[in-house]
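Engineer: The primary structure of each chain is shown beneath.
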Amino acid sequence: DAEITQSPRHKITETGRQVTLACHQTWNHNNMFWYRQDLGHGLRLIHYSYGVQDTNKGEVSDGYSVSRSNTEDLPLTLESAASSQTSVYFCASSRDLGNEQFFGPGTRLTVL
Amino acid sequence: QKEVEQDPGPLSVPEGAIVSLNCTYSNSAFQYFMWYRQYSRKGPELLMYTYSSGNKEDGRFTAQVDKSSKYISLFIRDSQPSDSATYLCAMTATSGSRLTFGEGTQLTVNP
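Protein chains in written order, with the working numbering: chain C, 1 to 112; chain L, 1 to 111.
Hints may be right or wrong, so weigh each one.
[Said to hold, decoys possible] The calculated lysine-lysine pairs, modelled on DSSO-like cross-linking and capped at a C-alpha distance of 27 angstroms, are:
hint	chain 1	residue 1	chain 2	residue 2
1	C	K57	L	K2
2	L	K70	L	K2
3	C	K11	C	K57
4	L	K42	C	K11
5	L	K67	L	K56
6	L	K56	L	K70
7	C	K57	L	K42
8	L	K56	L	K42
[Unchecked claim] What follows is a list of derived Cβ distance ranges for each label pair:
hint	chain 1	residue 1	chain 2	residue 2	range
9	C	R95	L	S28	18 to 28 angstroms
10	C	T86	L	G54	37 to 47 angstroms
11	L	E45	C	D38	14 to 24 angstroms
12	L	R41	C	S67	23 to 33 angstroms
13	L	N22	C	G40	34 to 44 angstroms
14	C	S67	L	E5	41 to 51 angstroms
15	C	S80	L	G16	43 to 53 angstroms
16	C	G40	L	Q80	41 to 51 angstroms
17	L	S40	C	T86	16 to 26 angstroms
18	L	G16	C	T55	39 to 49 angstroms
19	C	E59	L	S40	41 to 51 angstroms
20	C	N56	L	N110	38 to 48 angstroms
Since the hints were derived computationally from the structure, they do not count as laboratory data.
We treat Cβ as the ideally placed atom computed from N, Cα and C, and that holds for glycine.
Generate the whole structure from the sequences, applying the supplied hints.
Structural biologist: Written as structure tokens, this is what we have:
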């Protein structure tokens with residue numbers, strides 16, 4: 001069955017370290033999204049991509065980067081982790097003209 | 001001011017109650033409206049999808065959109081403990097583009 005996976009599921013890191021969160025989907029969706037979810041803010045869009053080599057900034061992109069080298073993967077990199085980036089991160093994908101986004105199980109990141 | 005406002009709750013109701021969840025929005029260009037359900041420590045899943053104004057019913061769930069008031073609602077009839085989750089509204093102006101989510105309402109249905 002097609003699915004979307006995220007790894008790791010839990011990560012503890014230190015301030016200043018570079019961290020990469022993986023997202024892999026097997027639906028062959030062109031659209032992929034990264035969100036963070038925090039109490040009081042809900043889901044906020046970090047970066048998104050509409051296809052290979054395409055990336056766009058969302059509303060909270062500072063300190064994060066993504067690259068899209070193939071259809072299946074959209075890794076999210078925290079260049080220099082900060083305590084404010086402690087959060088739960090969700091990856092999602094959707095069809096080209098589809099509004100239903102399929103979400104991964106999430107990665108819980110703690111920055112100490 | 002947030003583009004989409006949603007009361008975060010928490011909301012606690014007895015089993016069998018009718019639940020009403022609501023969102024207001026400010027962007028008049030939004031025309032695709034969704035409700036996602038998120039169980040604890042899981043990713044959100046699409047529950048209801050509505051285009052433009054009107055009602056849509058699916059079993060115990062009814063989604064309503066009033067574009068003139070910029071207001072959407074989700075009604076749950078005969079609520080069950082298994083409905084306990086966080087419900088997020090989401091909307092977009094253009095099919096296939098980024099979604100704007102509400103904060104989510106945490107619902108608990110007590111047996």
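Engineer: Hint compliance check: list the failing hint numbers for this structure, sorted ascending.
Structural biologist: 13, 14, 16, 19
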